[in-house]
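Visitor: Listed below, chain by chain, are the residues.
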Amino acid sequence: MRPIAEAAGRCQPACAWDMMVPAMARTYDISLDPDPVIEAYKKDVDRTLLRENLKLTVEERFLALMALQRTAEEMQRAGARSRRNRS
Amino acid sequence: MPEPDRGVTDLKAILTLLRDAGVEFILVGGLAATAHGSARLTRDVDIVYARTPENMARLVAALAPHSPYLRGAPPGLPFRWDAETIRRGLNFTLTTSLGSLDLLGEITGGGLYRDLLPESVEVTVFGVTCRCLDLPALIRVKRAAGRPRDLEVIAELEALREERDRRPE
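If you read the sequences in order, they're chains A and B.
For the first sequence, my numbering begins at 40 and goes up steadily by one.
For the second sequence, my numbering begins at 903 and goes up steadily by one.
Be a bit skeptical, because a hint or two may be false.
To be verified - So, partial list: chain B residues that the calculated Cβ filter (under 10 Å) puts toward chain A: (1) D912; (2) L913; (3) L919; (4) D922; (5) A941; (6) T944; (7) R945; (8) L979; (9) R982; (10) L1019; (11) V1025; (12) G1029; (13) R1045; (14) E1054; (15) E1058; (16) L1062.
Calculated from the structure, these hints are not laboratory results.
Where is the CB? At the ideal position from N, CA and C, for every residue including glycine.
Sequences and hints are given; from them, build the entire structure.
Guide: Printed below as a string of structure tokens:
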């Protein structure tokens, strides 16, 4: 690979990537049959939250996400302050 | 003095920025899941971008004013944000002044931008119309990634699909 990369004036990973992509078979044989592990996790999904979300527009879902990010950030700061005060 | 909102990603600003720059991209990952109704917290924006020279140049120009840097890398690395860096790499997990942004040239189980395009849907949010991976494809790529931490995510996405199929149009 190195001589090819040098001849092309490129680094080896970039060269390898360019050669690999066209040759790569892009058929993804991924089963979407029910998976017992996922089915087990599915029992714990809170569907009431999902049903409420499905009533919202995409923009409302994004705004709710940003509000959740702000809340998580504030909780992390509060936790950090609490740890500092204890020590 | 108030601390900056490090954990809050300015979704409106990022999407507007990419749209205004004419970047060809598809929303994937957690934000795509949010678009489809997921209730999970995600902090970054994951996009699959078209790896054409023109698009990579647009991406570089759009993000350059927003201090893109490799997330988790120590400060002071000789990281240059330019088209050559993108061309030589593929996937970049970045911090920017607008929040965390993951640029993916290819995703497992989905492929490149052009492969994913037929499996994307248009969404309009904050006045920005962009493409978002559709729910069946999102489930497929999450399954293909095979990460244990995604099991709960996949379960939620599959539950969302069931709920959506049950809802009258």
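Visitor: Now, for every hint given, state plainly whether the structure supports it.
Guide: The hints, checked one at a time:
1. D912: OK, holds: D912(B) within 10 Å of chain A, min 8 Å.
2. L913: Because about 5 Å separates L913(B) from the closest Cβ in chain A, which is inside the 10 Å limit, the hint holds.
3. L919: violated (15 Å)
4. D922: At about 18 Å, which exceeds the 10 Å cut-off, the nearest Cβ of chain A leaves the hint on D922(B) violated.
5. A941: holds (4 Å)
6. T944: Cβ of T944(B) sits 7 Å from chain A, so the hint holds.
7. R945: holds (6 Å)
8. L979: violated (17 Å)
9. R982: Constraint on R982(B) not satisfied, violated at 14 Å.
10. L1019: Result: violated, 13 Å to nearest chain A Cβ.
11. V1025: With Cβ-Cβ at 5 Å, under 10 Å, it holds.
12. G1029: holds (9 Å)
13. R1045: R1045(B) check passes; min Cβ-Cβ to chain A is 6 Å, inside 10 Å.
14. E1054: holds (5 Å)
15. E1058: holds (5 Å)
16. L1062: holds (5 Å)
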